[in-house]
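Please work from the sequences and hints to get the whole structure.
2 protein chains.
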Amino acid sequence: MTEMKLYDAMRTLRAVRKLRPDPIPEAVLRRIFEAATWAPNGGNRQPWRMIAVRDGAVKKRLGELYTSHWAPYAVTYAKGFAKAPQDVREKHERTIAAGNYLASHMHEAPVLVIVCFHPAMLAVTDVDQDRVSVVGGGSIYPAVENLLLAARAEGLGCVLTTLLCAEEAEVKKLLDIPAEWGTAAMIPLGYPVGQGHGPISRKPVGELFFQDRWGTGYQ
Amino acid sequence: MTEMKLYDAMRTLRAVRKLRPDPIPEAVLRRIFEAATWAPNGGNRQPWRMIAVRDGAVKKRLGELYTSHWAPYAVTYAKGFAKAPQDVREKHERTIAAGNYLASHMHEAPVLVIVCFHPAMLAVTDVDQDRVSVVGGGSIYPAVENLLLAARAEGLGCVLTTLLCAEEAEVKKLLDIPAEWGTAAMIPLGYPVGQGHGPISRKPVGELFFQDRWGTGYQ
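Those protein sequence lines, which keep their order, are chains E and R. Count along the first sequence from 1, then add 3; that gives the number in the working numbering. Count along the second sequence from 1, then add 3; that gives the number in the working numbering.
Check each hint, because a few of them may be wrong.
[As the list claims (entries may be wrong)] What the simulated footprint calls covered on chain E by chain R, stretch by stretch (three residues with Cβ under 8 Å from a Cβ of chain R suffice, anywhere in the stretch; the number is not a length):
no., stretch
1, 30 to 38
2, 168 to 180
[Unchecked claim] Computed footprint of chain E on chain R, listed as stretches where at least three residues anywhere in the stretch have a Cβ under 8 Å from a Cβ of chain E:
no., stretch
3, 14 to 24
4, 59 to 71
5, 87 to 94
6, 99 to 108
7, 144 to 156
8, 167 to 181
9, 193 to 202
[Unchecked claim] Quick list of in silico lysine to aspartate or glutamate cross-link-like pairs, EDC-like style, CA-CA up to 20 Å:
no., chain 1, residue 1, chain 2, residue 2
10, R, Lys175, E, Glu6
11, E, Lys206, R, Glu37
12, E, Lys175, R, Asp133
13, E, Lys8, R, Glu210
14, E, Lys175, R, Glu37
15, E, Lys8, R, Glu6
16, E, Lys62, R, Asp133
17, R, Lys8, E, Asp215
18, R, Lys86, R, Glu96
Bear in mind the hints are in silico, worked out from the structure with no lab data behind them. Here a beta-carbon is modelled for each residue, glycine too, at the ideal position from N, C-alpha and C.
Next comes the structure, spelled out in structure tokens:
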């Protein structure tokens, strides 16, 4: 049983894209999955289901579908920082290299978790706004975050990916997902090739939090 | 400094709707806010900002706006379980009573956290699907979940609410939120009136997780 503390897990949870094919012990997986079930959600309807894919042929097909979207995405992404200072560019280039590795080795991850949700079980309060809706995610991604934090605490690498949502029809066919359900993420899980989780780089509280009104940075 | 372990925080994080007006020490708030900054997000763009509202008049107005949506919601919610068995009905009635309390005492919470996000900073991969989009939430609600877990670990009550998103225009005006930003949640924070966080009731892993394909419950 892990003894990891909350803040230690959070401050070292980073995207780990190079995963070893070694199997994950059943008891470890079960703790991670149970952590996801605990997440808050609207009206306690728990409008999500997750599929833990370990079947080699299915993982291979998911990896191919992922790659078909990752490859053009990586090209666009690279263009976005082509003229950035060298240190910034090198950082992004490392991310792309790790993303390339993930895409071409996706099937080697011992478990690919596919996150599904039922639109009618969500109370989507921002559906009438003149912008993309996000509120449905409020009953899905807290469970995803719990799963990621638990994976980190158990020493597993993981990364939240959403590119496959653009291939939802194919993914649903492949995994027998009923017509009325949608897909929200794919999370590869596995022990890290390298050091795995570690220090992260984020904006400070003073840039992300305001006091009382927009614009007054939190001191 | 808290010593709470990850799984202990997760398995006892529940919606706490009765909050005391007592102030929250600055160091505690800062730890909770920093926990939110650590969350994973697409391309590390951190497309969210949060406003910590402590101004009494602003909190009062937010409470009024919230109540104007909570009141009709509670009526619809009550109709949904009017014919349920007595034990189920009583459970929902307790939730509604706590919701009524929250709505009418919203301004008493020492801090109301308003979560904002920038739609153009999100990579919304499910925007072409024939269903409500949720993927934008994947770069917002992990930070919200971190904030809730940290609040729980610090002994603060909290609850994720999204009803105010239906009043986005009013909220943006009230808090000087720029036109291009949206709102994704309001989280009241405060020390609990009663026992606060504790045991939660969730579906088991076997009902929420499938193995390899939809329909084969995870054993």
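Quiz prompt | Pair hint Lys8 (chain R) and Asp215 (chain E), alpha-carbon separation not exceeding 20 Å | solution = violated (31 Å)
Practice problem: Below or equal to 20 Å on CA atoms is what counts here, so check Lys62 (chain E) against Asp133 (chain R). | Solution: violated (25 Å)
Practice problem: Report holds or violated for chain E covering the stretch 87 to 94 of chain R, Cβ cut-off 8 Å, minimum 3 residues. | Solution: Not satisfied, violated; 0 residues make the cut.
Quiz item: Can the stretch 193 to 202 of chain R be counted as covered by chain E under the rule of three residues or more with Cβ-Cβ separation shorter than 8 Å?
Solution: It is violated: at least three residues are needed, and the stretch 193 to 202 of chain R offers just 0 whose Cβ sits closer than 8 Å to chain E.
Quiz item: Has the given pair, Lys8 (chain E) with Glu6 (chain R), been kept, meaning a C-alpha gap of at most 20 Å?
Solution: holds (7 Å)
Quiz item: Is Lys175 (chain E) close enough to Glu37 (chain R), meaning Cα to Cα at most 20 Å?
Solution: violated (37 Å)
Practice problem: With a cut-off of 20 Å on the C-alpha distance, tell me whether Lys206 (chain E) and Glu37 (chain R) pass. | Solution: With Cα atoms ~9 Å apart, Lys206 (chain E) and Glu37 (chain R) stay inside 20 Å; holds.
Exercise. Would you check the hint for Lys8 (chain E) and Glu210 (chain R), treating anything up to 20 Å between C-alpha atoms as holding?
Key: violated (28 Å)
Quiz item: Three or more residues of the stretch 167 to 181 of chain R near chain E by CB distance under 8 Å?
Solution: holds (count 8)
Quiz prompt | Proposed proximity, Asp133 (chain R) with Lys175 (chain E) (alpha carbon, max 20 Å) | solution = Within the cut-off at roughly 14 Å; holds.
Quiz prompt | Within 8 Å of chain E's CB atoms, at least three CB atoms from the stretch 59 to 71 of chain R: coverage verdict | solution = With 1 residues close enough to chain E, the hint is violated.
Quiz item: For the stretch 14 to 24 of chain R, do three or more residues have a beta carbon lying closer than 8 Å to a beta carbon of chain E?
Solution: Per the Cβ count (4), the hint holds.
When the structure is compared with the earlier hints, violations turn up for hints 4, 5, 6, 9, 10, 13, 14, 16, 17 and for no others.
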